[in-house]
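J.: The listed protein sequences correspond, in order, to chains A and B. With the first letter of the first sequence counted as 1, position 71 gets the number 70 in numbering that gives the first Met the number 0; the numbers rise by one all the way through. With the first letter of the second sequence counted as 1, position 142 gets the number 141 in numbering that gives the first Met the number 0; the numbers rise by one all the way through.
Hints were generated in silico from the structure; no laboratory data involved. Don't take each hint at face value.
The list that follows gives simulated cross-link-like pairs (lysine-lysine, BS3-like), each with its CA atoms no further than 27 Å apart [what the hints assert, rightly or not]:
#: 1; chain 1: A; residue 1: Lys123; chain 2: A; residue 2: Lys78
#: 2; chain 1: B; residue 1: Lys50; chain 2: A; residue 2: Lys346
#: 3; chain 1: B; residue 1: Lys123; chain 2: A; residue 2: Lys13
#: 4; chain 1: A; residue 1: Lys378; chain 2: A; residue 2: Lys297
#: 5; chain 1: B; residue 1: Lys243; chain 2: A; residue 2: Lys50
#: 6; chain 1: B; residue 1: Lys50; chain 2: A; residue 2: Lys123
#: 7; chain 1: A; residue 1: Lys25; chain 2: B; residue 2: Lys13
#: 8; chain 1: B; residue 1: Lys13; chain 2: A; residue 2: Lys123
#: 9; chain 1: B; residue 1: Lys346; chain 2: A; residue 2: Lys243
One letter stands for each residue in the lines below.
Protein chains: 2
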Amino acid sequence: MAVSNIRYGAGVTKEVGMDLQNMGAKNVCLMTDKNLSHLPPVQVVMDSLVKNGITFELYDNVRVEPTDTSFMDAIEFAKRGAFDAYVAVGGGSTMDTCKAANLYASNPQSEFLDYVNAPIGKGKPVSVPLKPLIAVPTTSGTGSETTGVAIFDYEHLKVKTGIASRAIKPTLGLVDPLHTLHMPGQVVANSGFDVLCHALESYTALPYHMRSPCPSNPISRPAYQGSNPISDIWSVQALRIVAKYLKRAVRNPDDLEARSNMHLASAFAGIGFGNAGVHLCHGMSYPISGLVKTYKAKDYNVDHPLVPHGLSVVLTSPAVFTFTAKMFPERHLETAEILGADTRTAKIQDAGPVLADTLRKFLFDLNVDNGLAAIGYSKADIPALVKGTLPQERVTKLAPRPQSEEDLSALFEASMKLY
Amino acid sequence: MAVSNIRYGAGVTKEVGMDLQNMGAKNVCLMTDKNLSHLPPVQVVMDSLVKNGITFELYDNVRVEPTDTSFMDAIEFAKRGAFDAYVAVGGGSTMDTCKAANLYASNPQSEFLDYVNAPIGKGKPVSVPLKPLIAVPTTSGTGSETTGVAIFDYEHLKVKTGIASRAIKPTLGLVDPLHTLHMPGQVVANSGFDVLCHALESYTALPYHMRSPCPSNPISRPAYQGSNPISDIWSVQALRIVAKYLKRAVRNPDDLEARSNMHLASAFAGIGFGNAGVHLCHGMSYPISGLVKTYKAKDYNVDHPLVPHGLSVVLTSPAVFTFTAKMFPERHLETAEILGADTRTAKIQDAGPVLADTLRKFLFDLNVDNGLAAIGYSKADIPALVKGTLPQERVTKLAPRPQSEEDLSALFEASMKLY
Chain A
0 MAVSNIRYGA
10 GVTKEVGMDL
20 QNMGAKNVCL
30 MTDKNLSHLP
40 PVQVVMDSLV
50 KNGITFELYD
60 NVRVEPTDTS
70 FMDAIEFAKR
80 GAFDAYVAVG
90 GGSTMDTCKA
100 ANLYASNPQS
110 EFLDYVNAPI
120 GKGKPVSVPL
130 KPLIAVPTTS
140 GTGSETTGVA
150 IFDYEHLKVK
160 TGIASRAIKP
170 TLGLVDPLHT
180 LHMPGQVVAN
190 SGFDVLCHAL
200 ESYTALPYHM
210 RSPCPSNPIS
220 RPAYQGSNPI
230 SDIWSVQALR
240 IVAKYLKRAV
250 RNPDDLEARS
260 NMHLASAFAG
270 IGFGNAGVHL
280 CHGMSYPISG
290 LVKTYKAKDY
300 NVDHPLVPHG
310 LSVVLTSPAV
320 FTFTAKMFPE
330 RHLETAEILG
340 ADTRTAKIQD
350 AGPVLADTLR
360 KFLFDLNVDN
370 GLAAIGYSKA
380 DIPALVKGTL
390 PQERVTKLAP
400 RPQSEEDLSA
410 LFEASMKLY
Chain B
0 MAVSNIRYGA
10 GVTKEVGMDL
20 QNMGAKNVCL
30 MTDKNLSHLP
40 PVQVVMDSLV
50 KNGITFELYD
60 NVRVEPTDTS
70 FMDAIEFAKR
80 GAFDAYVAVG
90 GGSTMDTCKA
100 ANLYASNPQS
110 EFLDYVNAPI
120 GKGKPVSVPL
130 KPLIAVPTTS
140 GTGSETTGVA
150 IFDYEHLKVK
160 TGIASRAIKP
170 TLGLVDPLHT
180 LHMPGQVVAN
190 SGFDVLCHAL
200 ESYTALPYHM
210 RSPCPSNPIS
220 RPAYQGSNPI
230 SDIWSVQALR
240 IVAKYLKRAV
250 RNPDDLEARS
260 NMHLASAFAG
270 IGFGNAGVHL
280 CHGMSYPISG
290 LVKTYKAKDY
300 NVDHPLVPHG
310 LSVVLTSPAV
320 FTFTAKMFPE
330 RHLETAEILG
340 ADTRTAKIQD
350 AGPVLADTLR
360 KFLFDLNVDN
370 GLAAIGYSKA
380 DIPALVKGTL
390 PQERVTKLAP
400 RPQSEEDLSA
410 LFEASMKLY
């Protein structure tokens, strides 16, 4: 139950140079993506580095929704630079790319698949020390600044997978709400859905003492260990903030209170799921974004079809929690109440439908596309979506209820239309 | 807002040898006190070290309520041993002694006062790396396994002071409820009062954005930074557990559920106050225990007069929170409600008395001595008690309301009798 170091506050980004100096860093790798590289968050970091006399090289070639190829490109850059610290400025794609770059540059002799999650990779434990990494999130969703997880598309198999190890967790996250003030509403909404699902999935994940196998050596235990008394605290608190602030944060870019709270909720949910894990919404989301046909999300400045991660996650949530509520219905009902449902007269056996209705109303209020059909999928795609979910066993096995292929099929079908 | 690494569960202590091996440790210093050195918690650790082929030396000379002299003795032992990791098994005294030993053995050229809190010491920031330290708490109170604080009696001035730096925070806390099953009820109660006050004081501490000064370099900021959105979560959760489980844990040594929860609450409150700080109950407690005359607490196996730390802290709590509730009364009322008060009809201006009454009832139910008079103090001692509180500015300035010497005097006087 390792937790994370974050510093929160408007303007904390400008302290990054001092932090690096305090860590003794002299030659720093600054990673970001091309959209951000000329925007204020990166500028503030560069100014702080210059002011504190820290030499750095800028890598702005991060791919939004990274792949093994894009990871390798960043890793090669990191290896050549022989850096003694890293700063990642951006969303989950940038932070995850930077974690991978740090990991492989610190282990130059390792093969790429060595640390990739089994069964796709070898899932080896990390036993060499990494360099310090400071993460500066500019979206309020991924929580990657607090987790030991780096997600990418493995192109060869056309599946999302990742690297998961406490060793790649950032040394420090600078959670600075100033970076969130100019995010378009649609980006805030989709990022917020990621927070919502991190919180819901981690809180309803299989309890830690029911997970198997249980490796006897602590170093071999997975980062995702099932719901537990520490992750619960973070997940519930993140959910409370989402319930209170997400709609306000979406509607008004200048609502500093709402956007600040969502930025903090993203980190809180990150600490929660980074310990407990996520399950079906995330496991099923990977083929939903991976098999995208022509859907292009509004407000996302990319040149390829894209289902934003948060959207791909949340569209199945009513179906998923209806399914999982058969186990631990009390927790499902509790989350429905936090999200605003009046549960005083609800029956415990209705926990699933109550939570699903609450989620549908929440998504409807935020103008979310009406299910998988609205983003281009039809019944004919279900076999491929199911096939794409099966390799996500690392997360799907954390669902409180086991699923057959038929179950997955039914969950995708039930998610075609929401309203 | 740095937080801590803990592993929680019945039996986790026996993994300590693997953890040390994973850290690459070969020559370990095991610290404990003479009472514990032949008891199961230490035995389990030694067995695990032997089983994993780790060489170690045992230091069992820790003093309960340590002093600068006893710290120095442990530091000398640590310097001679040239250890590459530390394990502390015991209560706060042992963990704090071990933190100091690790700090000064890692900085052999430093003077003792270099890192001691100002104004008594120089309060220098720690800039050299320390060795890994694994803390195994055997009481459920101090939370020292999660904090960067080490408290001792500075004999020359007859005051409690300490060392506070994120750098001395244990690398890992093994929170193993099996160690708490044989604790006498009185020890459970007093330890629990420490948890109670950690939670109440950190939750009502001056908010972090109102604290001054605000050093521009993050490394110079105090570990105790005022209440903040992260510490709040831990403090409130710890308080909820105290409300639900402390009485059960006191009354029945075999109540594993209650004692497990209190062990976790101790760590949670530690993370809370380790970030936010404590204030008046703790600041005033140091002279209460330091000036002890003849009081010897039942169930404590020591050869000198002793007011247990938790008792010295909690006896002033009704007076303190009546005083501080003038500021942030909502938070005071909220804590009263968590502790069981019916606050539906309470007026916000009565928050202080409501919380004080709730605390008095809680203490009465647990047979706590009737105030400072019952442990040997009289009105004539108040000037000395006030004088002993003044040097505790590091914590007392975190109270939400500033205090004059007259205020402190009145608080001690109001704490002479509780019921």
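J.: The structure should be examined with respect to each hint, and the outcome stated for every one.
T.: Do the hints match the structure? See the list:
1. A:Lys123 - A:Lys78: holds, 20 Å
2. B:Lys50 - A:Lys346: violated, 52 Å
3. B:Lys123 - A:Lys13: holds, 24 Å
4. A:Lys378 - A:Lys297: Satisfied, since the Cα-Cα distance of roughly 25 Å is no more than 27 Å.
5. B:Lys243 - A:Lys50: Violated, because 52 Å separates the two Cα atoms, which is more than 27 Å.
6. B:Lys50 - A:Lys123: holds, 24 Å
7. A:Lys25 - B:Lys13: Roughly 41 Å between the alpha carbons, so the hint for lysine 25 (chain A) and lysine 13 (chain B) is violated.
8. B:Lys13 - A:Lys123: Cα-Cα ~24 Å, so holds.
9. B:Lys346 - A:Lys243: Holds, because 26 Å separates the two Cα atoms, which is no more than 27 Å.
Against the hints set out earlier in the document, violations occur for numbers 2, 5, 7.
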